[in-house]
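*Asks:* Spelled out, the chains give:
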Amino acid sequence: MKIKKKIAKPARKSAPAKKPTAVAVKLSAAEAVLSLDVKQEGLESVYGSAYLMMDKAFVSLSGDRTKTVAVTLRAKDPKAVKPKALADEFLSDLASQKVRWAVAKNNLPIREYIAEQAVLIANGTVPPPSAAAAAPEPTAETLTDEQRAEIEKLISEVESEIKTMNDKKVALDPKGVKASWEEAQEKKAS
Amino acid sequence: MSRLTALTKGAPVDTEKLAAFNFRDMGGWHLLTNDWGQFLMLSTADFERFMAGKVGPEDPLYPELESRGFVKARLDFKQLAANYVKKNSFQWFPGPSLHMIVVTLRCNQKCQYCHSSVVDPSRTDTDMDIATAKRTVDFIFQTPNPTICIEFQGGEPLLNWPVVKFITEYAQAKAKAGNRKLLMALVCNFTLMTEDKLDFLFDHHVSICTSLDGPAELHNKNRPFLGGGEAQQKVVYWLEKIQERCNADPKKKYYLPGALMTTTRFSMDYGPQIVDLYVKLGMEQIFLRPLSPIGYAKRVWKDVGYEAEEFVKFYEKTLDYIIDLNVSGKSNIMERMALILLSKVVKGEDPGFMDLRSPAGAVLGCLAYNYNGEIFVSDEGRMVDHQGDAIFKVGDTAKSTWTEVIDHPTTRACVTASTLDNQPMCHQCAFKPYCGVEPVFHYESQKSVFGQMPTSGWCISHMGVFDVIFRKLRDPRSRKVMDKWLERDQCRWQESENVPAGEPEVVR
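Chains as they are written, first to last, in the numbering used here: chain A, 1 to 190; chain B, 191 to 698.
Just so you know, the hints here were simulated from the structure itself, not pulled from any lab data. One or more of the hints may lead you astray.
[Stated by the list, open to error] Restricting the straight-line Cα-Cα distance to at most 25 Å, the calculated cross-link-like pairs of lysine to aspartate or glutamate (DMTMM-like) are:
#, chain 1, residue 1, chain 2, residue 2
1, A, Lys188, B, Glu594
2, A, Lys105, B, Glu499
3, B, Lys503, A, Asp77
4, B, Lys662, B, Asp315
5, A, Lys82, B, Glu594
6, B, Lys537, A, Glu112
7, A, Lys178, B, Glu594
8, A, Lys56, B, Asp215
9, A, Lys153, B, Asp266
10, B, Lys207, A, Glu44
11, B, Lys622, A, Glu116
12, B, Lys371, A, Glu183
13, B, Lys589, A, Asp55
14, A, Lys105, B, Asp204
15, A, Lys178, B, Glu206
16, A, Lys188, B, Asp328
17, A, Lys76, B, Asp204
18, B, Lys366, A, Asp55
19, B, Lys589, A, Glu182
20, A, Lys56, B, Glu499
21, B, Lys276, A, Glu116
22, A, Lys105, B, Glu594
23, B, Lys324, A, Glu183
24, B, Lys637, A, Asp55
25, B, Lys207, B, Asp249
[As the list claims (entries may be wrong)] From the derived model, a few chain A residues whose C-beta atoms are all more than 12 Å from chain B:
#, residue
26, Ser49
27, Asp64
28, Asn107
For every residue, glycine included, the Cβ atom is placed at its ideal position computed from N, Cα and C.
Next comes chain A alone, as it looks inside the complex (with noise of 0.2 Å):
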């Protein structure tokens, strides 16, 4: 179970951002083309970057995902940017970019659990803090076996959900959304 493993593992260290190691850079008149190490620089990241210059460039990408990928940036309006500009902003925006997907990667789990918490929150399961007695809270990076125990359950509960769903075929509806308002009454009522 991937979640699972997330949450028993604590999420590797990220290196400090350090400057792309692009495998090249090719410039010509028309266009700039960056090869990238995608092991290195990671697939999410480079997709990422490549999105952002969608209002000044037309991008393409080719190569094999697994191991090197070339981006082909080239300008939408050729007299405002040159691709030594493309290509530095590209460059940029992927240091950037491993940064916040490594940040992201990071704390799903801690995203998730909290996210989950809201729900209970929201539909009443566990009170609010204001109503909880005031126990000092655990840290995100020292999870009491409790915790763990309770994250277990949520995930098992959904896999069981979503297992019965796929079984009977019918879709989840926990809010009840699609109930009618007379229907919802009529269950409230019984």
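Model the placement of chain B on the given structure of chain A, informed by the hints.
*Replies:* For chain B alone, coordinates are given in the frame of chain A:
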């Protein structure tokens, strides 16, 4: 640098110590926000120390970072979850609350930018009939949200006054019988208002909103009568008349009329004059709204439209003028878009604005009903249909159930496309906790419900307005004014909150 902004080249970063957050280089300082709606404005030097993992518990900055959920080792899970619940309160109510009924497509004005795809006043075949009106109200009461807000739209709704009256009375009877909370609102151009109609609206607690684009020369250029004639004078006359009656009766003070202005290319040089008119009329708020390239406006965009960056400049300049008026004590008028964003950012609350939600208001927050009973994800979706593209139709009151509408593939597509965590640029944007994207806008402007944010006019203008608001929040002089606005707005909501279910309530 992309519009998302980037880190300083070569600056050290220790990603392991960082909690989940997004950042934005604001030029000399950095904005940090997180999923739970918390924000911090740091000097670039402090931001770089934070990113490098060099802000320890002994650092004066640490308590603030900790209390707002930016220190991974010190997260208060329950508090952050509670913040998330409050910020996204709209997510916990089942079904839409806002139901826009187009009682006719007819209109007696020919606005330059008409969003509503209206037809000539002679086209009575586009009036909603009583049977369709009844079916529409019955459908609305099927939807599961305990609070229902019915908003009359057009065309000009007063051209089909009998149906407006019928829906009002029938919906109020149903609300009382079903113990539902009901709010009623009318959006009209005031040109067909009469004392009798006004009496009915007051008696039935229907709040009233109109369009006022500014001084006569601007308003009449933007919104001329069919066949010529002055429209602005009528709007001003009725605004003053209704205010007079509201102010004379304490029970009616919550029914003070609202007015919306739409910014066209012609408005760009009129910022202060528009504000001055609103001040003169005693309006509590002005809403500086951009024009959307939807419906008729899309066809005439080259005549009345503008670049998103131009709107942001207009917005900032006009907001500066409004703040100056507040600081000098000449007026305490508030700007509505700023108030909406401030409610989200400063108070961590959802102000009920359908356009800036994730997912968007389409079906989950609102539905639009055409004169013939067809149901659309939003009023903008209905306008696309008027041009011959039914892509945003999700049902028909003659045959659809609520379950079918919420399960409709178009509903699912709109929800998926407008969830910011699904959007490649939005999910990394510092404004994500407070922003939203509109599938109909992007379908109309970019032929995709997802849109392409780096080139999206929606994104450029909203990002620009967020930039303006955060810069104002960092400026003590503007911040003081904005804090006062938030206090006043909160008071108004609290004063009008205790309306029992089944009773009509005011909409603002």
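*Asks:* Each hint should be assessed against the structure and marked as holding or not.
*Replies:* Cross-check of the supplied hints:
Taking the CA atoms of Lys188 (chain A) and Glu594 (chain B), the gap is about 22 Å. The hint holds against a cut of 25 Å. Note on Lys105 (chain A) and Glu499 (chain B): the hinted pairing is violated, with a Cα-Cα distance of about 34 Å set against a maximum of 25 Å. As the CA atoms of Lys503 (chain B) and Asp77 (chain A) are separated by approximately 23 Å, the hinted pair is consistent with the 25 Å bound. Distance restraint check for Lys662 (chain B) and Asp315 (chain B): the Cα-Cα separation of roughly 50 Å exceeds the 25 Å cut-off, and the hinted pair is therefore not satisfied.
For a cut-off of 25 Å, the pair hint linking Lys82 (chain A) to Glu594 (chain B) is broken: about 52 Å separates their Cα positions. A threshold of 25 Å between alpha carbons decides the hint, and for Lys537 (chain B) with Glu112 (chain A) the separation of about 24 Å falls inside it, so the pair holds. Between the alpha carbons of Lys178 (chain A) and Glu594 (chain B) the distance comes to roughly 8 Å, so the proposed pair stays at or under 25 Å and holds. As the CA atoms of Lys56 (chain A) and Asp215 (chain B) are separated by approximately 20 Å, the hinted pair is consistent with the 25 Å bound.
Restraint check: the Cα-Cα separation between Lys153 (chain A) and Asp266 (chain B) comes to about 21 Å, which is no more than 25 Å; the hinted pair holds. Restraint check for Lys207 (chain B) and Glu44 (chain A): the C-alpha separation of about 21 Å stays at or below 25 Å, so the hint holds. Proximity of Lys622 (chain B) to Glu116 (chain A) is assessed by CA-CA distance (about 19 Å); at most 25 Å being required, the pair is judged to hold. A threshold of 25 Å between alpha carbons decides the hint, and for Lys371 (chain B) with Glu183 (chain A) the separation of about 18 Å falls inside it, so the pair holds.
Proposed proximity of Lys589 (chain B) and Asp55 (chain A) is contradicted: the alpha carbons are some 44 Å apart, above 25 Å. The hinted pair formed by Lys105 (chain A) and Asp204 (chain B) meets the criterion: a straight-line CA distance of about 14 Å does not exceed 25 Å. Distance check on the hinted pair: Lys178 (chain A) and Glu206 (chain B) sit about 42 Å apart at the alpha-carbon level, beyond 25 Å; violated. At roughly 21 Å between alpha-carbon atoms, Lys188 (chain A) and Asp328 (chain B) fall within 25 Å of each other, so this suggested pair holds.
A C-alpha spacing of about 36 Å is found between Lys76 (chain A) and Asp204 (chain B), which places the hinted pair above 25 Å, so the restraint is violated. A distance of roughly 53 Å separates the Cα atoms of Lys366 (chain B) and Asp55 (chain A); the hinted pair therefore is violated under the 25 Å criterion. Pair hint Lys589 (chain B) plus Glu182 (chain A) holds up; C-alpha atoms about 18 Å apart against a cutoff of 25 Å. Our distance criterion of 25 Å between C-alpha atoms is met by Lys56 (chain A) and Glu499 (chain B), whose separation comes to about 16 Å.
Note on Lys276 (chain B) and Glu116 (chain A): the hinted pairing holds, with a Cα-Cα distance of about 14 Å set against a maximum of 25 Å. In summary, the hint linking Lys105 (chain A) to Glu594 (chain B) is not supported, as the alpha carbons are separated by about 37 Å, beyond the 25 Å threshold. Straight-line distance between C-alpha atoms of Lys324 (chain B) and Glu183 (chain A) comes to about 20 Å, which keeps the hinted pair within the 25 Å bound. For a cut-off of 25 Å, the pair hint linking Lys637 (chain B) to Asp55 (chain A) stands: about 16 Å separates their Cα positions.
For the proposed pair Lys207 (chain B) and Asp249 (chain B), the alpha carbon gap of about 15 Å is at most 25 Å, so the pair holds. A cut-off of 12 Å between C-beta atoms contradicts the statement that Ser49 (chain A) is not in contact with chain B; the least separation is 8 Å. Interface exclusion of Asp64 (chain A) from chain B stands, the closest Cβ pair being 22 Å apart, more than 12 Å. Distance to chain B contradicts Asn107 (chain A) as a non-interface residue, since its nearest Cβ pair spans about 4 Å, not more than 12 Å.
In terms of the numbered hints stated before, the structure departs from hints 2, 4, 5, 13, 15, 17, 18, 22, 26, 28, listed from lowest to highest.
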